[in-house]
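J.: Each chain, letter by letter, is given below.
2 protein chains.
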Amino acid sequence: MSQPTPLRLGIAGLGTVGIGVVRILRKHAALLEARAGRPVELVAVSARSREKDRGVRLSSYAWEDDPVALARRADVDVYIELMGGEGGAAKASVEAAIGAGKHVVTANKALLAHHGHALATAAEKAGVALRFEAAVAGGIPVIKALTEGLAGNEITRIMGVMNGTCNYILTRMYAADLPYEAVFGEASDLGYLEADPTLDVGGIDAAHKLALLAAIGFGTRVDFAGVEIEGIERISIRDIEHAADLGYRIKLLGVAQLTGRGLEQRMSPCLVPATSPLGQLEGGTNMVVIEGDAVEQVVLSGPGAGEGPTASAVMGDVMDIARGLVLPAFGQPAESLKSAPPARAATPAPYYLRLKLLDRPGALGKVAMALGEAGVSIDRMRQYGHDEATAPVLIVTHKTTRAALDQALEAVARTDVVEGQPVAIRIETV
Amino acid sequence: MSQPTPLRLGIAGLGTVGIGVVRILRKHAALLEARAGRPVELVAVSARSREKDRGVRLSSYAWEDDPVALARRADVDVYIELMGGEGGAAKASVEAAIGAGKHVVTANKALLAHHGHALATAAEKAGVALRFEAAVAGGIPVIKALTEGLAGNEITRIMGVMNGTCNYILTRMYAADLPYEAVFGEASDLGYLEADPTLDVGGIDAAHKLALLAAIGFGTRVDFAGVEIEGIERISIRDIEHAADLGYRIKLLGVAQLTGRGLEQRMSPCLVPATSPLGQLEGGTNMVVIEGDAVEQVVLSGPGAGEGPTASAVMGDVMDIARGLVLPAFGQPAESLKSAPPARAATPAPYYLRLKLLDRPGALGKVAMALGEAGVSIDRMRQYGHDEATAPVLIVTHKTTRAALDQALEAVARTDVVEGQPVAIRIETV
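Going line by line, the protein sequences match chains A and B. 1 is the number of the first residue of the first sequence in my numbering; add one for each residue after it. 1001 is the number of the first residue of the second sequence in my numbering; add one for each residue after it.
The shape of chain A in the complex, shown without the other chains (with noise of 0.2 Å):
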């Protein structure tokens, strides 16, 4: 009998995630063997410094200086770009990858956010696998799942906790009772948070995982530009508290949903109920919930970073293009793909909101007013004492599109009752 054929990798980038890789290869070649009928072996290696000590013995690859080079390498089957960047030699190289006829697997979110729908065009018409599970949620399978375990469903809607770093400093804030300033302190002093933080709490980061999710669900071309974001570091202490007086947490939410008016990318801080999954997140678990017509809800949760977990899915993708598995990067030929024109927050929901009311008489009353003269109505208020000139007041709103109620605290603002501007905050029904 013949032996079977190794598959051969190449990898750039030999930071957390790269070395992970190359210890879960070292560690389980045998188990691999068993699993993908064939031998998996890595051949080549390529990152900034040769020198480094990374703690694994790399002396048995070859080394490329130019990832461009190792791309290309006649013994490498499947190119392993980990480096990161939306541009530059990430993409130079997976471009170059995909044009020697080589299958890719990445972590890069932003390059396949940004460039994902030309990337997956090249590699169909190459009839390479490009493979990107890392990019998302870390260690949970969760495009396999959107792709292959649920490709029976229209899905309906998807929502996650994508940012390990701001579901660590919101939930943090609640126990310790610290402002935001004090617990992005800490996250900086931990080594949390991105050389950029912005691209953490300013959203942009999860932003990237759910254009990549809302691609693959609803058969759509990646739209990072159409994805609404809203960072967390307006997100005050007093919200988190109040929220959780009223029985809700407040996350850095992720919700696509695709409508009639288009499709409804979210990414920003969302009250949800204190008891559901996702109120119930802790520190830097990454959750995804899929919803679809048939399967109802699933709810995946897992590490969203990390080098276990970020490797574990990489090699995900690797044992799958070991046993034959090339399917089109988002699910279906990127030619099929739609163009669904972005919906600003189109689906109703209800809101929290907070005010400053002075302390006049019928203050209160003329909020209320204000706010059903715009067609918002309140299900749920709460004042608290007020020893000040103003008195702090919660509403909870019943279902309004953003756009009524920016209307309706327009005229709230008129009333000449609330001082500064309210905070409002969406509440997600999960």
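None of the hints are false.
Below 27 Å or equal to it, Euclidean Cα-Cα: the simulated DSSO-like pairs (lysine-lysine) are: (1) Lys1338(B) / Lys27(A); (2) Lys1399(B) / Lys1366(B); (3) Lys125(A) / Lys338(A); (4) Lys338(A) / Lys1027(B); (5) Lys338(A) / Lys91(A); (6) Lys125(A) / Lys91(A).
Think of the hints as simulated: they come from the structure by calculation, not from any bench. All values derive from a computational prediction rather than experimental measurement.
With chain A's structure known, arrange chain B on it following the hints.
T.: Structure of chain B alone, referenced to chain A:
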């Protein structure tokens, strides 16, 4: 350009799930074709009664009275077995399909748990797929996650709540403060129970599922006989309430671990922390926790039964076949699966104990001493008021093996200060 070849399906069994699959195929024909790159068509069906009104038009499909004949039809590429049952027509028709070179998709956990190894071997020999995502945890794509998404991991533990009826009964007992018998009656009236309810409440149905997940996760031959099974019939509302007082919930929990002493597979009531995802699981939802050496812990939850969710899982398998994915049934070749000896509850754990202590001086001391001398140390103890001749005592032990605990309980029985049999329930670390 030539038209892509359609994938032609035959369905045997037109109950809830079968009709659910028919509905998806009719509703989503275009979506499925876009995703699979080829049409996915139902050509023939089989069920007990041709006349029965099932709410779906079936006249456009060929009819077979005999599922074996359906399985062998020349115009069927994939045989979908949804009749159920460990042997009989289900087994005969699946064997016939494999013999005739057809791919097989089934939701039949009993068939796979008992005959999985033989059927997998036959399917691999014939070069066809044998898929059963719908057999485990309803709509959750857990087999796919384990076999493919986490293929880079050595799996270290699998846990799950995989019988929705048992979880419904246990959560309802707690919520409504009702004894087992009353809630069992309710569940029966609501149609939640299998024709033979011991399949549910006796833990057998869930044990079938655990045996399948263990085989896939650990690369072992499916060994249903090796599962230690204990149902929920003897769970008392008092234990549910005492457990809650101590911060736990009682769940029918499946746990599989491959240890140095063999494969440990348990399906039994366990205490889990009330604040853990498993502890918070309510009603008919299923949850599977997968632990791997790289990914750490992934938690998947979703509806464990029902027309839509189960049909979704069947269609996931069908779509994989349509896309050309043919893997060994248990994730690696059947001949490479190890025969691991069953290891009875080898892993140490803390236990919850409830004893009825006679009202005698020094009684509690005697119990504590008997436990201690048998090597079981006490973490927490709680004694309740005793108006009657006996007082309930709750004990949470430190970690111990079941064997050591049983010896300790024998020693406790010899003290003559305890009435009746103590209740002992394992506390699983989750």
